[in-house]
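Undergrad: Single-letter residue listing:
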Amino acid sequence: MSGSTRRPSGRARYTWRKLTNAGMLSLTGLAAFLAVVPLVWIVVYVASQGARFLSVDFFTKLPTPVGVPGGGIANALAGTAILVGIAGAVSIPIGVLTAFYVTDKPSTPLGLAVRFGTDVLSGVPSIVVGIFAYTVVVLPMKRFSALSGGLALAVIMLPTVIRATEEMLRLVPNDLREASLALGAPEWKTSLAVMLPAALNGVITGVMLGVARVAGETAPLLFTSFGNPFWSTRLDQPMAALPHTLFTYAISPYKDWHAKAWATALVLMALVLSLNIVARAWTMLRQARLRG
Amino acid sequence: MAVTIQAHRLVRSGWAGALARRMEHGDILFRWLLVAVAGGVLLLVAAVGYELWINSALPRAQFGVGFLSTTTWDPVVREFGALPFILGTLITSLLALVLAIPVSLGIAIFLSELAPPWLSTLLGFLVELLAAVPSVVYGLWGLFVFVPIVVRPVAEALNQTLGFTALFAGPVFGPSRLAASLILAIMILPTISAVSRDVFRAVPNSQREAALALGATEWEMISQVLVPYGLSGILGAVILGLGRALGETMAVTMVIGNNLDLTPSLLHPGYTMASIIANEFTEATYDLYLQSLIEIGLVLFVGTLLLNLIARFLVWQVARRVPQEVRA
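Each protein sequence line maps, in turn, to chains A and B. Note that this note's numbering has the first sequence beginning at 1, numbered continuously upward. Note that this note's numbering has the second sequence beginning at 1001, numbered continuously upward.
Isolated chain B, as found in the complex (with noise of 0.2 Å):
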C-alpha cells in the first residue's frame, strides 16, 4: 500500500512533476546544502586567521616584526612587545613535555601491551577523565592544593640542591613557571598517552612475534621494535601535547604569578601568550594595546596551526603505511 502511493508520487506529471525531476527530488537542493555547509566550516578557519590579522594591523605597523623580539610590554607609555609572553610559553610548554613524555609512553605501553583488556579499559577510561576536568578546576586545584602541597617543597629541594644554576636560583615562589609546567604536564598526559596507545596498537603483531622469537625480552621488543616502529606516530602524539599546551590558558594564568621579569630561573612567576590575553584584554583601553593582544593571539594561531599540521603529516603516515590488522 505504502509502496504504491510512493510510486504514484514519484510519476506526478505536468509542472511539478518535472520540477520534482529536474531537482531530482530535492536532491540537488540537499547536495547545494551540503556543500555550502562542509565549505562553511572551511570558511570558518580561514575567517578566524583573518579576523586576527585585520585586527592586529596598528602593532604590526608600528613595531613590524620587532614586536616578536622586544621585551617592553608598557600600556603607559605605549610600547609592546611580545617576547616575554613568547618565551613564557616555550619554557612552560617544553618544560611540561621533558615531564609529560616518559609517563604518557609508559601509560601508552601499559595500557596497550601489558595490562589484561580489564584493566586496560578501565585505566584508558580514567586517563580520558583526566583530560575532562574543566582547565579552570585545575586552576582552582592548583592555586590552593597543588602548589602549596607539592610545587613548593619541590621548589625548595631543587633551589637548595641545584640553587647555584640560573635555572632554580631563588627566591622560591609558590606560583612559579614551575607550577606552571607541572600543571600543563597533567594535563598533556591524556593526549599523549592515548595517542601512542592507539599507535602502539597498530603496530602489527607479526613485529612483535618476531621479536619475542629472536629471544628479546619483552622490554626489548618494546623499546627495541615497537618504539622505532611507531616513532613518527609517537612524535605526532607529542605535538598534539604540544599544541595543548601552548594555548592552555585558565590553568596556567592562576598558577604562573603573572610576572613580567625575564629571570632564567624556573623557580619565579613568569607569564604566557595566553594568560596575558585573559588578564588584559577586558582591560585594554585603546585600540593599539587591544589590538596587540589580538597580535599575541595571531602568533598563538599561526603556531599551534603549524604544530596540528605537523603533527596530523606524521600520524596520518603511521596511518597510511601500517596495514589494517586486526589484534586478537
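Same shape as in the complex, but just chain A (with noise of 0.2 Å):
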C-alpha cells in the first residue's frame, strides 16, 4: 500500500527534478547570450552610426563650431596620444620595479602591504583619481594641464602595468634566474637582463589592457587637462582627448555635434577593442602554445 503511493509521488519528484534541471540550465546559458546582446549592440550601432561621418578630414581636421560642416578631432587623436603617452611613461617603469619588488619579496611586510596598496588602487573610482590629480597638479599650477591629466591616468594605469608583470614575472622558470646568478651576473643584471625579457610578452600584453583603459576615461581628464578645442601640443595647457571630446559632442544639445558624438565614439572603439582583442589573443596563443 504505501509502496503504490510512494512510487507515482517518487516519479513525478524525480520528473520534477529533472525539469528544474533542463530548466535552470537552459537559464544559465540564456544569461550568457544575454550579455554579449549589449556587446553586440553597442557595437553594431557605434559603427553604422559613426561610419556615416567618418572621412579622411575627420582624422585631419580641427573641430569646426556648431553649424560649420566638416571638421575632426585631429587635435583629440594627438591629445589622447600624448596624454597616454605620459601615462605610459610614468607608470611602466614603475609599475614594473614595483612588480619586481612583489614577486622578489611577496611576504615581506613592506611586499604585502604593497600588494594590498596596488588592489586598493585599481578600486579607487577614476574621478577621485581625477580630484587627486587636480590636488596635486592643478592647484599648485593654478591652471588645467596635460600634464595633470597625464599623471591622473598614469595612476589609473599603475595597477594593471604592476598586477601584469607580477603575473609573468611569478611565470619565468626559476632555472633561468639560478643560471644567470650561478653564471655571476649581479641580482640586477638577472632581473633586468634575464627575467624581464623572458617575461616580456606578458608585460606587453598588460601595458596593451592598460593603455586601453585609460585611453577611453573620461572622468579624471573633466578637471586635469580640461579639454580644448584648439590645436595643442603643449603639456602645461589644457588638452583635448578622445572620449572628452566624445562627451562634449555627446550632452550638447545639437544635431551635427550628435554626428559628430557617433563618429568619434567609433574611433575610440576601434583603439580599444582592437587593443584589447589583440593582447588577448596574444595571451590565448601563447597560453596555448605552452600547455602545448
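These are calculated hints, taken from the structure and not from any lab test. All C-beta atoms in this analysis are idealised placements derived from N, C-alpha and C, irrespective of residue type, glycine included. Warning: the hint list may mix true and false statements.
[Said to hold, decoys possible] Sample of chain B residues facing chain A (criterion: CB under 7 Å; computed from the structure): (1) W1053; (2) N1055; (3) L1129; (4) V1136; (5) L1189; (6) G1297; (7) L1300; (8) G1303.
The task is to assemble the complex, starting from two chains supplied on their own in separate frames and drawing on the hints.
TA: In C-alpha cells:
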C-alpha cells in the first residue's frame, strides 16, 4: 500500500527534478547569451552611426563650431596619444620595478602592503583619481594642464601594469634566474637582462590592456586636462582627448555634434577594442603553446 | 671568451674593485631602488586619501558630520549637504546589483560548468570585451539608444502596473534612476561573472563527483554544493561589482537626469556622488563649494576602500581554503 502511493509521487518528484534541472541549466545559457546582446548592440550601432560621418578630414582637421560642416578630431587624437604617452612613461617603469619587488619579496611586510595597496588603487574610482591630480598638480600650477591629465591616467594605469608584470614574472622558470646568478651576474642584471625579457610578452599585453583602459577614461580628465577645441601639444596647457571630446559632443543640444559624437565613439571603440582583442588573443595563443 | 672577460671584470682590484664589492656590483643600489619605488606606490595610495582629507577641511569644519545627513545643496546660499547624492549612489548601485547578480551567476555557471571549452573561451572573451567598452560610450549609447528604446517602455509599463507604489510613481521620465541602474547592471556584469567563474573553477572536482554520485542532478550539484562551497568568493565578486558601480561616473551622469529632488520613485531623475563631482567641479567658484565636492570624493574613496578590503578578504579566504587543483 505504502509502495503504491509512494512510487507515483516519487516518479513525479523525479520528473520535477529533471524539469528543474533542464530549466535552470537553460537559464544559465540564456544569461550568457544575454550578456553578449549589449556588446553586439553597442558595437553595431556605434559602427553604423559613426561610419556615416567618417572621412579622411575627420582624422586630419580641427573641430569646427556648431553649424559649420566638416571638421575633425585631429587635436583629440593627438591629445589622447600624448596623455596616454605620459601615463605610460610614468607608470610602466614604476610598475615594472614594483612588480620585481613584489615577486621577489611577496611576504615581507612591505611586500604584503604594496600588494594590498595595488588592489586598493585599482578600486579607487577614476573620478577620485581626477580630484587627486587636481589637488596635486592643477592647484599648485593654477591652471588645467595636459600634465595633470597624464598623471591622473598614470595612477589609473599603474595597478594594471604591476599586476600583469607580477603574474608574468611568477611564470618565469626559476632555473633561468639561478643559471644567470650562477654565471656570476649580479641580481640587477639577472632581473633586467634575463627575467624581464623572459616575461616581456606578458608585460606588453598588460601594458596594452592598461593603455586601452586609460585611453577611454573621461572622468579623471574633466578637471585636469580639461579639453581644448584648438590644436595644442603643450603639456602646461589644457588638451583635448578622444573620450572627453566625445562627451562634450554627446551632451550638447546640437544634432550635427551628436553625429560627430558617434563618429568619435567609433574611433575610440576601434582603438580600445582592437588593443583588447590583440592583447587577449596573443595571451591565449601563448598559453595554448605553453600547454603544448 | 666572454666568460673570461666577465671574470676579469669581477676581480677588479684597487678602489674601484673595493667599491664594486661593497655595492655587491650594483645590487645594493638596485635593492634600494626597488624598495623606494615599491614604497612610493604605497605612499601614493596614502597620498590620495591625505589630499582628499586636507582639501576638504572647510566643509568638515563648517558642517561636521551633518554634511552626510543634510539634504540642502545650494551654492547660492552656501549650504552643502551630501545626502541626496549618497542616497542616489546607494539606490542605483544596489538596484544594479539586484539586476546583475542572477545574470552574472548564470554566466559564471554556464562558462565554468556547462559550456564546451571553445564556447566558454569565446563567451568569456566577449564578456571581457563588455568590460573594455569605455564608460563614455555606454553613456552615449544609453542616452540615445538604450533609454528611449528599452528604459522608457519598461518605465511606462512599471508605472501602469505598479504606479500606486511610491517606487514606481509617475511622471515617467526617460533619464532616471532606473536608467542609471540598468546601465550600471550591464557595466558590472563582467566583473561579477569573471570573478565568480574563477571561484567556481577553483572548487575541487571531488565535490562535484560526490554530489553527482549521490544522485543529484547537475543543477542540484551546482545550487547545493558549488554555490555554498564558493559562497564567500561569490560575495567577494558581488562586492567588487558594487565597488565598481559606486564610482562609475560618465555613463551614470549621462543617463540619470541630474536632478536633486528627493522623491523615492525609481522612474524619477536623480543624482549620484560621482555625477555631482563630474558636473559641478569646474563650476565651483569658491573654496567651500569646491571643498564640499572634494569631501564627496572623500566619502566615495573611503566607501570603495572599505568595500575593496572586504572583497579582497573574502576572495582571499576562498583561495586559501581551496587547494590548488587543476581541473581536467
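Undergrad: Run every hint past the structure and note whether it holds.
TA: Tested hints:
Violation of the interface hint for B:W1053 is found here, the shortest Cβ-Cβ separation to chain A being roughly 10 Å, above the 7 Å cut-off. Checking B:N1055 against chain A by beta carbon gives a least distance of about 5 Å; that is within 7 Å, so the hint holds. Here the hint on B:L1129 is kept, as its CB sits about 6 Å from the closest CB of chain A, short of 7 Å. Given hint, B:V1136 at the interface with chain A, holds; its Cβ is 4 Å from that chain's nearest Cβ, closer than 7 Å.
Checking B:L1189 against chain A: minimum C-beta separation of about 6 Å stays under 7 Å; hint holds. Taken as an interface hint, B:G1297 checks out: its beta carbon lies about 4 Å from the nearest beta carbon of chain A, inside 7 Å. Satisfaction of the interface hint for B:L1300 is found here, the shortest Cβ-Cβ separation to chain A being roughly 6 Å, below the 7 Å cut-off. Annotation: B:G1303 was flagged as interfacial toward chain A, and the flag is violated, the nearest CB pair being 9 Å apart, outside 7 Å.
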